[in-house]
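S.K.: Using the hints provided, position chain B relative to the given structure of chain A.
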Amino acid sequence: MRVVRLLPLLLLVWGSAARAQDVAPARLAPWLDAAADQIMESTFVPSAARKVGEVRILRRGEATVVETLLYTKVLARVVGEIRKKELVHWPDNLDAAHYLEALTRVQKQIWSRRPMNQRHPDRRQKLWIDFVVAPDAAFVAIGAYEMDETRGEIRVTQRELIELLEPSPEYVRRNLRLITADAFHVDGAALDALLGPLPGPDPPIR
Amino acid sequence: MTWLLTRGRVPFLCGLIALTAFFAVHAARVGVETNNESLNTRVPEQIERYDRFRATFGSDEDLLLAVAHPDLLDNDGLALVAELTTRIARIAGVRRVFSLSNAQQIVSGEAGAEMAPVVAPPLDDPELGARVRAVLDRNPDLTGLFVSADRRVAGLLIEIEDRAGDERYRAAIIEALRELIAEPRAAGVSLHLTGIAVQKHDVSAFIGQDQRLLMPLAVAVLACLLAFFFRNALGVLLPLAVTGVTSIWTLGAYQLAGFQLNAITGLLPPVLMVLSLAVSVHLIQGWLDAPLAASERVDRILGVVRPLVFPCFFCSLTTALGFSSLVTSSMPAVRQFGVFAAFGVMLSFGIGMTLVPVGLSFLAPPTAALRSPQHRGIRRLLAGSARTASEHPWGVIAVFGALTALSLVCLPFVNNNTDLVRFLKRSAPLHRDTLYIDANLTGSNALEFVAARRDGASLVSLAGVRRMAAFEQAVLAHEHVTGVGSIVPVLRQLQRAEARGEDLVLPDNERDVAYAFDLLEAAPEQDLIRKLIAPDFTSARFNVRVRAVGTAIAAPLADAILADGRRIFGDDYVVTATGAFYTVAQDSNRLVAAQVSSFALAVTLVVLAIGALFRSLQLTFIALIPNLMPIAWTGGLMGVFGIDLSTGTAMIASSVIGLVVDDTIHYMTHYTRAYRGDPAEAIRHTTAAVGPALFLNNVVLVLGFWVGCFGSFKPTVYFSLLSGVTMITALLCDLYVTPACLMLFHRRRTAGAP
Numbered sequence: 216m217r218v219v220r221l222l223p224l225l226l227l228v229w230g231s232a233a234r235a236q237d238v239a240p241a242r243l244a245p246w247l248d249a250a251a252d253q254i255m256e257s258t259f260v261p262s263a264a265r266k267v268g269e270v271r272i273l274r275r276g277e278a279t280v281v282e283t284l285l286y287t288k289v290l291a292r293v294v295g296e297i298r299k300k301e302l303v304h305w306p307d308n309l310d311a312a313h314y315l316e317a318l319t320r321v322q323k324q325i326w327s328r329r330p331m332n333q334r335h336p337d338r339r340q341k342l343w344i345d346f347v348v349a350p351d352a353a354f355v356a357i358g359a360y361e362m363d364e365t366r367g368e369i370r371v372t373q374r375e376l377i378e379l380l381e382p383s384p385e386y387v388r389r390n391l392r393l394i395t396a397d398a399f400h401v402d403g404a405a406l407d408a409l410l411g412p413l414p415g416p417d418p419p420i421r
Numbered sequence: 002m003t004w005l006l007t008r009g010r011v012p013f014l015c016g017l018i019a020l021t022a023f024f025a026v027h028a029a030r031v032g033v034e035t036n037n038e039s040l041n042t043r044v045p046e047q048i049e050r051y052d053r054f055r056a057t058f059g060s061d062e063d064l065l066l067a068v069a070h071p072d073l074l075d076n077d078g079l080a081l082v083a084e085l086t087t088r089i090a091r092i093a094g095v096r097r098v099f100s101l102s103n104a105q106q107i108v109s110g111e112a113g114a115e116m117a118p119v120v121a122p123p124l125d126d127p128e129l130g131a132r133v134r135a136v137l138d139r140n141p142d143l144t145g146l147f148v149s150a151d152r153r154v155a156g157l158l159i160e161i162e163d164r165a166g167d168e169r170y171r172a173a174i175i176e177a178l179r180e181l182i183a184e185p186r187a188a189g190v191s192l193h194l195t196g197i198a199v200q201k202h203d204v205s206a207f208i209g210q211d212q213r214l215l216m217p218l219a220v221a222v223l224a225c226l227l228a229f230f231f232r233n234a235l236g237v238l239l240p241l242a243v244t245g246v247t248s249i250w251t252l253g254a255y256q257l258a259g260f261q262l263n264a265i266t267g268l269l270p271p272v273l274m275v276l277s278l279a280v281s282v283h284l285i286q287g288w289l290d291a292p293l294a295a296s297e298r299v300d301r302i303l304g305v306v307r308p309l310v311f312p313c314f315f316c317s318l319t320t321a322l323g324f325s326s327l328v329t330s331s332m333p334a335v336r337q338f339g340v341f342a343a344f345g346v347m348l349s350f351g352i353g354m355t356l357v358p359v360g361l362s363f364l365a366p367p368t369a370a371l372r373s374p375q376h377r378g379i380r381r382l383l384a385g386s387a388r389t390a391s392e393h394p395w396g397v398i399a400v401f402g403a404l405t406a407l408s409l410v411c412l413p414f415v416n417n418n419t420d421l422v423r424f425l426k427r428s429a430p431l432h433r434d435t436l437y438i439d440a441n442l443t444g445s446n447a448l449e450f451v452a453a454r455r456d457g458a459s460l461v462s463l464a465g466v467r468r469m470a471a472f473e474q475a476v477l478a479h480e481h482v483t484g485v486g487s488i489v490p491v492l493r494q495l496q497r498a499e500a501r502g503e504d505l506v507l508p509d510n511e512r513d514v515a516y517a518f519d520l521l522e523a524a525p526e527q528d529l530i531r532k533l534i535a536p537d538f539t540s541a542r543f544n545v546r547v548r549a550v551g552t553a554i555a556a557p558l559a560d561a562i563l564a565d566g567r568r569i570f571g572d573d574y575v576v577t578a579t580g581a582f583y584t585v586a587q588d589s590n591r592l593v594a595a596q597v598s599s600f601a602l603a604v605t606l607v608v609l610a611i612g613a614l615f616r617s618l619q620l621t622f623i624a625l626i627p628n629l630m631p632i633a634w635t636g637g638l639m640g641v642f643g644i645d646l647s648t649g650t651a652m653i654a655s656s657v658i659g660l661v662v663d664d665t666i667h668y669m670t671h672y673t674r675a676y677r678g679d680p681a682e683a684i685r686h687t688t689a690a691v692g693p694a695l696f697l698n699n700v701v702l703v704l705g706f707w708v709g710c711f712g713s714f715k716p717t718v719y720f721s722l723l724s725g726v727t728m729i730t731a732l733l734c735d736l737y738v739t740p741a742c743l744m745l746f747h748r749r750r751t752a753g754a755p
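Protein chains in written order, with my numbering: chain A, 216 to 421; chain B, 2 to 755.
A hint or two may mislead.
[Claimed, not checked] Simulated crosslink set (EDC-like; lysine to aspartate or glutamate; CA at most 16 Å straight-line):
#: 1; chain 1: A; residue 1: Lys-288; chain 2: B; residue 2: Asp-52
#: 2; chain 1: B; residue 1: Lys-532; chain 2: B; residue 2: Asp-52
#: 3; chain 1: B; residue 1: Lys-532; chain 2: B; residue 2: Asp-61
#: 4; chain 1: A; residue 1: Lys-299; chain 2: B; residue 2: Asp-537
#: 5; chain 1: A; residue 1: Lys-323; chain 2: B; residue 2: Glu-111
#: 6; chain 1: A; residue 1: Lys-323; chain 2: B; residue 2: Glu-499
#: 7; chain 1: A; residue 1: Lys-300; chain 2: B; residue 2: Glu-111
#: 8; chain 1: A; residue 1: Lys-266; chain 2: B; residue 2: Glu-522
#: 9; chain 1: A; residue 1: Lys-288; chain 2: B; residue 2: Glu-522
#: 10; chain 1: A; residue 1: Lys-288; chain 2: B; residue 2: Glu-511
#: 11; chain 1: B; residue 1: Lys-532; chain 2: B; residue 2: Asp-163
[What the hints assert, rightly or not] Here are some chain B residues the structure puts well away from chain A; computed CB gaps all over 12 Å:
#: 12; residue: Thr-21
#: 13; residue: Ile-379
#: 14; residue: Tyr-516
#: 15; residue: Gln-527
Since the hints were derived computationally from the structure, they do not count as laboratory data.
Just so it is clear, CB atoms sit at the ideal spot from N, CA and C, and this is done for glycine as well.
For reference, chain A alone in the conformation it holds in the complex (with noise of 0.2 Å):
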């Protein structure tokens, strides 16, 4: 009799497991295994004092991935914050409106999974978004995510894709150096040196 209420319920989860599953296509696999990252530069946004989340330089084998790590209690806000600067630098282009909606809809999610206890220890919703430049793919992948807190410094203990995109490379190349610049206050050359060469050749200007 349990097991029938509780149907619906693994329904769901197998469905999402599923769904994640299918979003994640075998040759994008090496690039999407955070376990061996090498964190190369990191910053917490929009600041030390206010932070919201922390964006990353990552080295994840031969692929430049710039990850940002959201834990907030309004992570709806924080979005919306992200929908604006995107809508700025990206007026009336679709792979940036499919990735508003992607980012909506995980967002979405994970707010359908706070607690519903006051009381919860953290009530942080947690939200990755990955931007990966790799010698033979370009895409972005965001999800939800597990951490470990130690004298504010985070490690994430699990990872969860719920979303993933492969909007056009000059895209993800250059909204990856957009948010770099964004969140280490860095253009120009200082920027290049931050992220050092991108792997992959650089797409034709559109």
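M.R.: Frame of chain A; chain B shown alone:
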């Protein structure tokens, strides 16, 4: 004494001049208190609670500027509000200015609730007024603080910096604002300013103004009176020299003790001038009235001084004891007044008993007895009172007793009320402006309440929010409450914006409550939020706006709100009251309670002093009757005329008991010497002998006290007026009740004798 009047005269005068010069230097340095600190009682728990409140929520000393404009919500009116907001924000020491022009509302945005300006650009939009009206209709919480209900008066809330140790910047801000207010403006446009800082500033300014006015006025009044009564230059100069030296020494000592003048001690100089006259008047009157036979200078002076030393010392002692009983007050200003008035009175005895004889020793004794028409008139009046008292003692007792009984009936009508705004005269800008703001915007006073969980845990829970909302509604139901500022209206606006609804409702489940507080935690306007709730959400502030009422209403209102809080929040929470206005209300109650014990102490000390003087229980009892009667009458008068018992008027009984008893001491001392078995004859003789000096002394005291009626503060005006009235009634009692009682006392003793 003989040495002092002969070879010691010059060294004495040199020493006196040197010491007076020393104290004069310090007296000239007496400052005026700018923060009214000494008007607050020192109750550690109250101070600690208020300090904690300010540390958590910031200062509650914001200023409020009202801008009246016939077309406030049209472009011109809103432009004026915006211009004033910008200009005031630029004044040094102003932290922030909140007004319609920069106020924010919470609206639904793409990502949920977000802030939007109440007055959104473009500001030259012809539809601006309509847009702002719509926003105000949608956000009723803005009405009261930022705009009046009729939309003709705007409120600018001015938050000033908290610069510890800097006593000048507040005054500079207020002066800058007053200059702004004084600028010429279009017809129908006016500006009004109020706030605790303005009150402190104006009180300091009025104290300084009163010092400049009352001191010269007191000197002029005393000089005129002395000249009128004595018709003699020495009769003017010697008493004025005694009062001058006494005042200078006392003020110098006051400064050396590290004190500054406040609304209460501002009365010290004129009161001391009056109190220090008695000894001089008695000595000079005695010197002038002495038999012509005693014409040798020193003998004549010694003949006058010796019989007066003892009664004058006791008179000074009882007066000083009356004032010193004020040390039981918990208000530093009242304690300072009591201590230094007592010091001044004893000092005046010492100076009067030395300087006057020394001064007289330089003069040739009068060759003819002083006779003047006014003295004849006074003597006729005195003879009439002596005759009435000795022939109809029971009638006198009955009439005065009936008046006392009537006064006692009226006594319960006296209201314990301190109203800081109405302390000032109607013409005072603060009085006018505060009542204007009170009538048009939110209440000008604020009672502060803080709710917290007893276990120190967070208030973030559905039950916590519901309790806060219930408390808010209970507070609003009280008369005189015009609004409640708290986190509750913010939560309602947040919920409306998050739910994209129209109704201002609170979150109705734990998750939404928690998220609302999450939004508050992440909001950019942290300074504003921190004024309403502690950073860790463990305590919430309720800023209860109250009409410009006195403490007679505010104190029970605060108690009733506290009772509501304890009932609504329950045992798991603790609700406390604090804030500048609440402190005043509590201080007022404490002050009156302290004055009752102070008066009891004064009466006890005076009784002991009289008992020591007469060494007779019966005479001590008789001496008390004519002195308690006038105080009861004054209390009755206060009840009949609706004069409140406040900081100033609460001091009257304790201050005056020691003063009015002086006349009785003089009268009874002389009577006991004059009594030779015929009380009627002794009364006639005593009234004729001491009556003129008592009359003159009382007229001097009364008019001297009444100089204070030209002061700027109603409590000090009432103190002066009623103290004078008490002196008059006390003289009447001494001329009628004292002899009537003595008559009956000796009749009874004669009748009981074998």
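S.K.: Please go over all the hints and tell whether each is borne out by the structure.
M.R.: Structure-based check of all given hints:
no., hint, verdict
1, A:Lys-288 <-> B:Asp-52, "32 Å, violated"
2, B:Lys-532 <-> B:Asp-52, "14 Å, holds"
3, B:Lys-532 <-> B:Asp-61, "9 Å, holds"
4, A:Lys-299 <-> B:Asp-537, "30 Å, violated"
5, A:Lys-323 <-> B:Glu-111, "13 Å, holds"
6, A:Lys-323 <-> B:Glu-499, "14 Å, holds"
7, A:Lys-300 <-> B:Glu-111, "13 Å, holds"
8, A:Lys-266 <-> B:Glu-522, "12 Å, holds"
9, A:Lys-288 <-> B:Glu-522, "9 Å, holds"
10, A:Lys-288 <-> B:Glu-511, "14 Å, holds"
11, B:Lys-532 <-> B:Asp-163, "14 Å, holds"
12, Thr-21, "63 Å, holds"
13, Ile-379, "82 Å, holds"
14, Tyr-516, "7 Å, violated"
15, Gln-527, "9 Å, violated"
When each numbered hint is compared with the structure, violations occur for hints 1, 4, 14 and 15.
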